[in-house]
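Asker: Chains A and B are the protein sequences, given in the same order.
First residue of the first sequence: 1, per our numbering; consecutive thereafter.
First residue of the second sequence: 111, per our numbering; consecutive thereafter.
These are computed hints drawn from the structure, not numbers from a lab.
A couple of the hints might just be wrong.
[Stated by the list, open to error] Listed below are the simulated DSSO-like cross-link pairs for lysine-lysine, each with C-alpha atoms no more than 30 Å apart in a straight line: (1) 193/B with 47/A; (2) 55/A with 68/A; (3) 123/B with 193/B; (4) 155/B with 47/A; (5) 68/A with 106/A; (6) 155/B with 123/B; (7) 155/B with 68/A; (8) 55/A with 155/B; (9) 106/A with 187/B; (10) 155/B with 193/B; (11) 47/A with 187/B; (12) 123/B with 187/B.
All of these numbers come straight from a predicted model, not from anything done at the bench.
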Amino acid sequence: QSALTQPPSASGSPGQSLTISCTGTSRDVGIYNYVSWYQHHPGRAPKLIIYEVSKRPSGVPDRFSGSKTGNTASLTVSGLQAEDEADYYCSLYAGSNNLVFGGGTKVTVL
Amino acid sequence: QLQLQESGPGLVKPSETLSLTCTVSGGSISTSTHYWGFIRQPPGKGLEWIGSIHNSGSTYFNPSLQSRIAIFVDTSKNHYSLKLTSVTAADTAVYYCATHDRRQGLFDQWGQGTLATVSS
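Turn these sequences into a full structure, and let the hints guide you.
Answerer: And the structure:
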């Protein structure tokens with residue numbers, strides 16, 4: 001199973017919107033909708049912020065949204081805040097024991 | 111509120127076995143419908159799923175690691191454990207435990223993580 005491809009870094013100013021991509025192939029992201037996103041502040045426990053491409057767990061602000069087009073899933077953070085500065089990881093479950101993460105994107109709030 | 115806490119030796123010698131335990135509080139492993147998983151993050155790298163276990167004992171593993179992995183659950187102690195054999199420096203990582211919804215392929219409650227370093 002191949003890791004999903006994410007940009008290593010992304011940045012934006014407070015209040016702006018920022019989108020992170022997570023690219024797979026037509027054999028994984030292209031056909032499976034079990035895409036999740038995690039926010040990870042170093043030294044803390046990772047936090048699930050999106051599941052099944054676009055669903056938000058209870059308590060996650062609606063500034064976080066997910067989508068998918070073709071072989072690429074995306075996480076958008078609207079109204080960027082200082083506390084959003086963190087590492088973000090996508091993951092895909094493609095059935096059986098096929099579960100992979102992306103390489104992670106470090107988000108910097110300028 | 112469910113809480114998970116990893117514990118382990120911190121330092122393991124090459125070729126030996128890494129053993130980690132995840133202790134669960136605020137809920138019972140034996141009554142949960144979740145799987146219980148391990149994920150790791152090598153220094154400067156991304157996350158990697160290792161494997162997961164159900165309270166029934168059913169397990170499933172990352173194919174790239176499955177020849178070296180065993181995961182056990184002890185419902186009487188409300189904890190589950192990972193053993194990773196024949197470790198090398200490449201196994202140096204922060205190891206996390208997390209609840210695992212297998213149907214949706216997500217990890218919804220995580221521990222803080224514990225660093226395991228492989229070095230002589």
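Asker: Which of the stated hints cannot be reconciled with the structure, identified by number in ascending sequence?
Answerer: Violated hint (a single one): 9; every other hint is consistent with the structure.
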